[in-house]
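Novice: Required output: the full structure, derived from the provided sequences and hints.
Each chain is listed here by its residues.
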Amino acid sequence: MSIHPSFSQVTMRLSILASILVIAGLVVACVPTDTVKNHASAGVETQIDLTNQDSTYIGEKACLECHKNAGDHASMGVHVSAFRSNPQNARQREVCESCHGPGSKHAQETTNRSLIIGYTKGWGTPVPKQNAVCLTCHQGGQRINWARSPHDVNEVACSDCHNPMMQNSATGNLLRVSINETCYTCHPQQRAEFLKRSHMPLPEGKMSCNDCHNPHGSPTRPLLKTDTVNETCYECHAEKRGPFLWEHAPVRENCVNCHQAHGSNHDKLLVAPRPMLCQQCHDAGVGHPGNFYNNSQTAESALQVGGVQSQRVIGRACQNCHTQIHGSNHPSGARFQR
Amino acid sequence: MKSPWRKKTLTLCVSAALAQMTAGAARADSAVGVDTMLGNALNPYSLRTIPARDPEVLDAVQHQRTPSTKLIGWPVVVPTTTTTDSGWTYFGALELGGMWASGERAWYNLYKDLPTAGLYLNNFYFKARDMQPGKGYFVEGLGGALGYRDQYSGINVGRYNDWKVKLFYNEIPHTFTTNYRSLWDGVGSDYLTLKTLTPGGTLVQNPNGTPNQAASTDATRTNLLNAINAGEGGRDLELVRRKGGISLDKYLSNTWRFYGNYTQEKREGARPFGAVFGGGGGGGNIEIPESIDYDTHNILGALRYDDGLNNLNLQAQVSLFRNNIDTMTFENPIYALTNTVLTSPTGTAATAVTPGSMFTTGRYDLYPDNDYYNLRAEYGRSLPEWFRSRLTATISLSKMKQDDDLIAPTTNDMSGMFINGVSAYNNWNTTSALSKQSADAEIDTQLFDIGLTSRPLDKLDVNGKIRYYATDNKTDYQACNPLTGQWGRLINDGSGGAFVIPNATAGNNPLGTLPTAYDTTGCNLDAARALGLVPSAGNTNLTNIPYQYSKTNYELGGIYRLARGQSINGRIEREEYHRDYRERDETWENMVKVGYVNQAMDIGTLRASVEYGRRRGDSYDTDPYKQFYSISLGPEPTANLTNIASWIHNIGSFRKFDLADRDRLALDVRLDLITLHDLDLGISGQYRDMDYPDSDFGRNDHQKLGSATLDLNWQPSPKLGLYGYYTYQQSTMNQAGIQPNGCIIGNYYYFYSDGFVGTGTVPAAPARAGATVVNTVVVASNNWESQCGDNSATSPLWPDGRIWKTDTRDTNHAFGLGGRYDFGFARLELDYTYVKGISSIDYDYNSAALTAVPTAITAATWQLAGNGMPDMDYNQQALNFNLVVPLSKSVALRAIYRYEQGQMDDWHYAGVTDNPVPSVNTVTAGVPAAVANAVYLDGGTQDYHNNMIGLMVQVSF
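Line by line, the protein sequences are chains F and Y. UniProt numbering puts the first residue of the first sequence at 1, with every later residue one more than the last. UniProt numbering puts the first residue of the second sequence at 1, with every later residue one more than the last.
Don't take each hint at face value.
Capping the alpha-carbon separation at 20 Å, the derived lysine-lysine pairs in PhoX-like fashion look like this [what the hints assert, rightly or not]:
| id | chain 1 | residue 1 | chain 2 | residue 2 |
| --- | --- | --- | --- | --- |
| 1 | Y | K889 | F | K240 |
| 2 | Y | K399 | F | K240 |
| 3 | Y | K250 | F | K240 |
| 4 | Y | K465 | Y | K401 |
| 5 | F | K240 | Y | K474 |
The hints are simulated quantities; they were obtained by calculation from the structure and are not laboratory data.
Specialist: Shown next, in the form of structure tokens:
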């Protein structure tokens, strides 16, 4: 069954336009340009001397005369290690000044904060300028969608999450000890959700926020690493990808119709307890979906006079019978019972 | 819990660790794939080693903060390294010792496998580098818990700025329940064999030889209870994920880079599952375990280009899911009550009873193998000369497909049984009974995304974006048996059926219409429809429904810099959905968002935003599925006594929440304050309000969520650091429904003053104690849609008296406190976490309207129902105590104490342990009547207390 009859003319045209633009982009990308990175001198190549255009490079040794301890720490990290042992270009050979900019004037006037690029609140280098420095090397790749991303719009600095000078984390040169702890510094509500009764295994050290989200930008609003919520979930729950003979519409469209992404008070990260959750869509003219389910129907109530057990209430509730709720491949599975 | 090879692994210790490591620490690439975290509960940060802090910090200035005001903190001391003659430097450490634990496992085991006793390698790491100019080679690795089911290890080998190979291995245990009382052997395999019970239950016959259903279910129930009580008691149902992978990152040139990886994951175990017999759940149900044996292979290759102006990412990904248990057969211990299948071609359900004991097994077609392919191209172009702009575009094309061999509807030969007069013998236990032999299911997706951001003025950024995503479902299947021509499905292994035949109520179809009339069309749907016969019901599935949708987003936004460090941002967005075969073809949401950022304040940083969204759509069709159901086979019925309810899909004013009109408000605020030079205070809040203004039934009214957090971080010195947080969350959700009544053409419906609705074939309503008739409605062939299609005070099918409403409220508290202190001779780290969640459900209903004949029993029922479900509440707390005593420069002792406690009440599992085969209790307290036919084997989550102590030796080199 084709989707094309359902496309509106507008969306079709937009798709074609987007295709043309991307194809054009691919062509452009393959054509050498004058600004291709090379091994030219740092003075020509470096575009980071944003605050002190006429300052000059003084070399790592000069920096370490005052910043030896910082150098000791930074030398354990990837940046300084790479710059010292196998620099890719002239700028990287400048080591400290590769990120902080040429230091000659700073060395002469150390308290003038406009003469060197700093990455702390106290130093005062504007965040867009800080980030621009990082992006001179780190543009593209996983950061190709940084511009206009929520973190960019909210002027989050690279150095709000990363600190290449310190080895706080096992990976990623992070501000805190892990990806999760770094994210929690601004997103504490997610920390609370991961502590709920049912949750993704972040507190247990088995997952990170970065498994689903790309904090550096994405074509999706929640910064997902794939095209959609569902394709993100399928990365770990590939069995639910199907497709199936018998599909469940809200399941196929968006897992978060029924599940909380981070954690929930309810079993299986559900947004509401069953059977009530199912009844938010189902109230058929025939049968049980619209029935009023209540406390007289638990296994405990069934021990008392008037108790009426219901398989729609006890245990897995609706899924006691509709077990294959994510879709069925059984020829008899239209109601997800096999 | 130990895995069988743990001892061997531990004996080999570090050498075994090195041999086992198949991956480095988490992948640094934030854009693709998962597996970004290696760690476990004792090492939630990959490595938890209680290190010393460097009093010299990084610079002369202490208490530095990030641009968003967070304290950077005191760095860990730089490790002491050793340099070899060849110029390599290295350092590392391992932590090995003994661990002991007491207490229950239960919920405690979720995602972790903490040791109960014995030798334990808690963690290790090493790093070696050749930092000589022109070299830049490195090898580094880490790991922990080797031999346990939450073990992890990884290794990176490479050359800085050149290439890197990463390998990893990680295990994640997932305990679903520790309180499952299995009746089967073979859990985890493709065949579950009953340990002691007789498959099919116990058949008790009447004197004339026909099955006595009530006596059979009663005898079976007794045997089930005996078997459950005499069984092994609660056991775990769990699965373990075991995953390893390798990746290569290689700079091909200054501008081109290659990235590729391969991962393989094995999932094995079992989880709670369920099986139902008969039709509509009335034939009995039992919790069975689902066996899990999955393999998933992922292969990804990517090229990345960056020349400073142009960025290009080209990526291809393949994911192959393989289920090693394609079908799972279980021996059925219950005596199934059947429907539709009869022992006589002309008998009725009352006279041709099918013995439930013949349904000795059930068979599931578990998740099929599936393949996923994705091609993705992303392009970014900086245009510094043109308003300092940047263009980004993405194309992503995916294909999800599976062509699993389909299985026969039942393994039972159905000997001696008939379905609507047609012999079922050997007609349903073969794949020849299917309209196709394999699924041939496929969904293709496409994403186009293009965005442009520009800075026309120094203070102003503007951006726009268009995003289009669509799914194309190419799956088709029709539920018709070519061997018999019957439309519909034999369900639940043959114990029930959902078939459609010509309507047998006199007057709907021509006299002499045979029940097999549809069958003669040879599974040709058009031919069946061409017969023009009124079907027996409107809700029988004829074909699958290939749901698909497209979604387009148009976005325009900007940032205006008010002053240094201050900006406002805004965005307007329109999101349009087109869905096929849903209640609404089109929905659209208009959104506006305004945000404010202030990083210029000396005292901190403020970020705040407000967003409003308004979703609407085209007309709401409560039954968009007609072409896929038997309602499409012929005209609507007109004859008196026709039960028309199955022609009515849903209440007219019911709205499914994902399609309903919705007004959405979102408020977010985050304030980071410099309270003292060494103390951070963070305050954050979120508020969500989603109003469903057009939803009378389903999720309705306002759905709200509020969250507030207070964070403290005090880092006065390298010796001392403390943190604390508290989060309060509350959410509410409302919904309403109607317990359906009935709608039969020609019937009178009598509306009583207490809300009850009676029915009959004469205008005069029977008397009802304590109530008077306030209205009478007759359903006719020309008015049933208006009479029964929607709710009203006088709707026969959806009378307002049968409305029920629920109010769900979730409340949560999360509290954490901890810190570090360096005594000089020892370093202490302490963490405490406490969480509490309360979920309450209150409901409103009219018990009189739902009671046909008030009795003492029904009064007791409504008393039990009360005004709401019992609160579901839980609390959990964990205390971690760590003390490291250095003995020398390279040896230290670490003492570990961990206390965990958890308590949970969930009405889903209330009474299950004591009453695993509950029933309808109309007799005497504590003595259920044997009417229901349901078996529950999962007792739910158990409360626990657990203490764990450990003594470790840390050796660094």
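Novice: Tell me, which hint numbers fail for this structure?
Specialist: Hints 1, 3, 4 are the ones this structure does not satisfy, whereas the remaining hints hold.
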